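> Protein chains in written order, with this note's numbering: chain H, 46 to 265; chain F, 131 to 368.
Don't take each hint at face value.
[Unchecked claim] Label pairs and their in silico Cβ distance ranges:
| # | chain 1 | residue 1 | chain 2 | residue 2 | range |
| --- | --- | --- | --- | --- | --- |
| 1 | F | Gly-135 | H | Asp-163 | 22 to 30 Å |
| 2 | F | Arg-362 | H | Glu-76 | 23 to 31 Å |
| 3 | H | Ser-67 | F | Leu-289 | 19 to 27 Å |
Simulated from the structure, these hints should not be mistaken for laboratory data. Just so it is clear, the structure is predicted and the values come from calculations on it, not from any experiment. For glycine and all other residues, C-beta sits at the position ideal for the given N, C-alpha and C.
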Amino acid sequence: MPNIGEDGVVLRAAGLAKTYDSRVPFGRSVEVLTGADMRLGPGEVVGIVGENGSGKSTLLQILVGALDPDGGSVDVAGRVGWCPQESRLYERLTVAETFDLFGEAYGLSEDAVESARDDLAARLDFERFLDYQVRHLSGGNRQKVNLAVALLHDPDVLLLDEPYTGFDWETYLAFWDLTEDLVEEGVAVAVISHLVNERERFDRIYELRDGRLHEQEVPS
Amino acid sequence: MSRLGTATAAHVRSFAREPVNLGFLFVLPPVVVEVYGRAMATFPEFPFATAGAGTLGRVAGTLFSTAFVAGLLGLFQVISARRGDERLVLCGLGRTTLLASRLAALVAATLAVAAVSLVVLSLSTAVSAPGVAYAALVGAGLLYGLLGVVVGAVLPRELEGSLVLVFLADADSALSTGIFATDAPLVEFFPLHYPHALFTDAVTTGTVRGGDAAATAAYVLAALAAAFVAYRARGVSG
Chain H
46 MPNIGEDGVV LRAAGLAKTY DSRVPFGRSV EVLTGADMRL GPGEVVGIVG
96 ENGSGKSTLL QILVGALDPD GGSVDVAGRV GWCPQESRLY ERLTVAETFD
146 LFGEAYGLSE DAVESARDDL AARLDFERFL DYQVRHLSGG NRQKVNLAVA
196 LLHDPDVLLL DEPYTGFDWE TYLAFWDLTE DLVEEGVAVA VISHLVNERE
246 RFDRIYELRD GRLHEQEVPS
Chain F
131 MSRLGTATAA HVRSFAREPV NLGFLFVLPP VVVEVYGRAM ATFPEFPFAT
181 AGAGTLGRVA GTLFSTAFVA GLLGLFQVIS ARRGDERLVL CGLGRTTLLA
231 SRLAALVAAT LAVAAVSLVV LSLSTAVSAP GVAYAALVGA GLLYGLLGVV
281 VGAVLPRELE GSLVLVFLAD ADSALSTGIF ATDAPLVEFF PLHYPHALFT
331 DAVTTGTVRG GDAAATAAYV LAALAAAFVA YRARGVSG
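Produce the entire structure from the sequences given, and follow the hints as far as they go.
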């Protein structure tokens with residue numbers, strides 16, 4: 046069971062603001078976030094949608110701590126798993142070596158890494174690629190590894206940026222099966238995508254528009 | 131294995147699996163040493179020099195190839211893996227541990243390139259004090275490897291960073307040979323000045339001047355401090 050804040054929320058963002066200033070004189074500044082608020086409870090699946098360039102990836106990078114906001118705050122209770130849009134892996138390490146390295150960063154024991162790695166590889170069907178270097182993987186398989194690295198340490202909050210890009214239909218379904226199991230265990234999941242096809246899979250959906258998050262109706 | 135050990139092993143594996151790195155390591159030193167040697171062999175003998183012009187050319191080429199290759203490897207250590215490093219830090223690997231692992235991998239690469247360069251030189255030139263010569267090359271390599279880290283942290287683009295290193299190492303190598311008639315005291319402050327003096331003496335006369343060794347060590351420590359500050363100041367998302 047994840048650590049839960051006093052108000053039953055595992056992630057809360059309040060008043061997030063971010064502007065990208067030009068590095069050259071007289072260049073244009075781009076205001077991306079102007080006061081974005083969101084919350085995420087345990088066992089919730091939340092979608093965050095928005096047009097290209099609306100600031101979805103900026104928002105997610107702020108939520109995981111990869112980017113400092115100009116204003117606002119983020120509070121997280123528990124371990125965070127982050128699946129970035131670009132895989133951010135080491136091209137010349139094998140998949141197995143990648144898990145060893147990130148497992149060490151998470152502070153996991155060798156046995157725990159091996160167990161979680163084998164479980165995720167079986168679940169997402171990339172067992173036969175464990176000895177492949179990352180640069181030799183197809184886009185879909187690379188994305189599976191990218192997702193698995195985010196899940197390796199059994200996170201309480203899972204933040205996914207375009208997680209199923211490159212997945213075939215079988216893997217897409219396997220992804221949602223896995224997500225449903227995680228949600229049953231109480232993991233909070235936020236999925237960022239420019240397209241949300243199956244809205245019924247989400248408990249809530251936010252649309253990022255004009256720098257703010259607007260909650261949308263979800264069909265029951 | 132410790133966190134530092136696992137991260138260092140991963141960086142060394144990544145380095146060894148990159149064909150460009152292996153090209154730099156095994157192809158550049160022989161080419162540069164030979165080109166410098168042949169080019170300078172056409173010069174008249176220098177009355178103030180302790181060896182012939184061709185030998186001095188090979189000595190300069192050995193030092194340049196070691197410093198330049200180590201500098202590039204330091205630069206690539208910081209730039210190429212930047213996105214992966216950011217994710218690793220967010221996953222919990224300390225930034226200081228990450229930097230230490232990058233520097234440990236850089237030391238391993240520098241030991242290798244210095245060894246290759248010295249072997250190449252010794253095929254054509256008698257080296258009077260090989261141990262001291264190797265130490266001088268390692269000092270020059272570490273110095274430029276750390277400068278590569280600084281350049282990569284400040285200017286995180288491979289092409290631009292490489293050009294800065296080419297210019298710096300080229301000018302530094304040429305001026306540190308001492309064959310140009312210049313009384314400018316600024317030359318003594320260039321990074322390769324003391325390693326070059328140390329290396330030349332080790333190859334030609336087998337002597338060691340304590341002042342050159344101490345100055346080389348001091349430059350390496352100063353570059354280490356600069357690399358630490360620049361890398362830490364870069365921030366997670368840079």
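> Now, for every hint given, state plainly whether the structure supports it.
Structure-based check of each hint:
1. Gly-135/F - Asp-163/H: 22 to 30 Å: Check passed, 23 Å falls within 22 to 30 Å.
2. Arg-362/F - Glu-76/H: 23 to 31 Å: For Arg-362/F and Glu-76/H the Cβ distance comes to about 29 Å; the hint holds.
3. Ser-67/H - Leu-289/F: 19 to 27 Å: Once the Cβ atoms are compared, 22 Å apart, the range 19 to 27 Å for Leu-289/F and Ser-67/H holds.
Every hint from the earlier list agrees with this structure, and none is contradicted.
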